[in-house]
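With the working numbering, you'll find the sequence shown wraps up at 123, consecutive numbering, no jumps.
Think of the hints as simulated: they come from the structure by calculation, not from any bench. Where a beta carbon is used, it is the ideal one built from N, C-alpha and C, also for glycine. Check the hints yourself; a few may be wrong.
Derived DEER-like restraints, expressed as beta-carbon distance ranges [as the list claims (entries may be wrong)]:
id	residue 1	residue 2	range
1	Asp28	Thr120	30 to 38 Å
2	Phe73	Asn98	13 to 21 Å
3	Glu26	Thr120	33 to 41 Å
4	Asn5	Phe121	39 to 47 Å
5	Asn46	Glu26	16 to 24 Å
6	Gln75	Met4	30 to 38 Å
7	Leu60	Asn5	30 to 38 Å
8	Gly90	Met4	20 to 28 Å
9	Leu122	Tyr20	31 to 39 Å
10	Met89	Leu122	29 to 37 Å
11	Met89	Asp63	34 to 42 Å
Calculated cross-link-like contacts (lysine to any residue; reagent style SDA-like; alpha-carbon spacing at most 20 Å) [what the hints assert, rightly or not]:
id	residue 1	residue 2
12	Lys11	Glu26
13	Lys35	Ala15
14	Lys104	Ala15
15	Lys96	Ser18
16	Lys11	Asp63
17	Lys11	Thr29
18	Lys35	Gly52
19	Lys96	Val22
20	Lys11	Ser32
21	Lys104	Asn46
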Amino acid sequence: MNTIQAIKIDVATQSVYIVDIPEDDTLDSFYKHINCDTVSHFNLDDYHGCYVDDEGLYRDHPGYWSLSGFRQPIAGNGIIAGADPMGNTASAKRNFIDWVKENITFYKECEEEPAITFLS
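All chains, please: the whole structure from these sequences, using the hints.
Structural data, given as structure tokens:
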């Protein structure tokens, strides 16, 4: 079975590490690693995107996290993967985990109140 290497953001352990995701079952694997039923996606750069629990603010998660340059804290786990030129899910670049570790802040429950901010 072919796999891609993705970066998991784990709020329970407040850690960031590599996970293997089966190429033929990426979405279900994302659900499992994030612990959710639906995902939302946002771009981190021209290659990497982050998948998070679409209903994260409605669930009971052990914590939150945020990345430098992004305004909102995220509830629950996240998965970061790349995309090939055709838009298919691909492995994260190996050195990108270093950027994530340097730019992530973890919050335990009640340390950071999640909120939606509207810019005018």
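Going down the list of hints, with the structure as the test:
1. A hinted range of 30 to 38 Å for the beta carbons of Asp28 and Thr120 is consistent with their spacing of about 35 Å.
2. Checked against the given bound of 13 to 21 Å, the beta carbons of Phe73 and Asn98, roughly 20 Å apart, stay inside it.
3. Distance hint check for Glu26 and Thr120: the Cβ-Cβ separation is about 37 Å, which falls inside the suggested range of 33 to 41 Å.
4. Look at Asn5 against Phe121: about 42 Å separates their beta carbons, and that is inside 39 to 47 Å.
5. Checked against the hint of 16 to 24 Å, the pair Asn46 and Glu26 passes, with Cβ atoms roughly 21 Å apart.
6. Separated by about 35 Å at the C-beta atoms, Gln75 and Met4 satisfy the suggested range of 30 to 38 Å.
7. A hinted range of 30 to 38 Å for the beta carbons of Leu60 and Asn5 is consistent with their spacing of about 34 Å.
8. Under the hint 20 to 28 Å, the C-beta atoms of Gly90 and Met4, about 22 Å apart, fit the expected range.
9. At roughly 33 Å, the beta carbons of Leu122 and Tyr20 sit within the given window of 31 to 39 Å.
10. The beta-carbon spacing between Met89 and Leu122, approximately 33 Å, falls within the hinted interval of 29 to 37 Å.
11. Taken as a hint, the range 34 to 42 Å holds for the pair Met89 and Asp63, whose Cβ atoms sit roughly 38 Å apart.
12. A hinted pair counts as satisfied when its Cα atoms are at most 20 Å apart, and Lys11 with Glu26 qualifies at roughly 16 Å.
13. Of the pairs offered as hints, the one joining Lys35 and Ala15 holds, with about 14 Å between alpha carbons and a cut-off of 20 Å not exceeded.
14. A distance of roughly 16 Å separates the Cα atoms of Lys104 and Ala15; the hinted pair therefore holds under the 20 Å criterion.
15. Restraint check for Lys96 and Ser18: the C-alpha separation of about 18 Å stays at or below 20 Å, so the hint holds.
16. A distance of roughly 19 Å separates the Cα atoms of Lys11 and Asp63; the hinted pair therefore holds under the 20 Å criterion.
17. With a C-alpha separation of about 13 Å, the suggested pair Lys11 and Thr29 falls inside the 20 Å cut-off, and the hint holds.
18. Between Lys35 and Gly52 the CA atoms are separated by roughly 17 Å; this keeps the pair inside 20 Å, and the hint holds.
19. Distance check on the hinted pair: Lys96 and Val22 sit about 13 Å apart at the alpha-carbon level, within 20 Å; holds.
20. About 11 Å separates the Cα atoms of Lys11 and Ser32, which keeps this hinted pair within 20 Å; it holds.
21. Annotation: proposed proximity of Lys104 to Asn46 holds, straight-line Cα distance about 17 Å (limit 20 Å).
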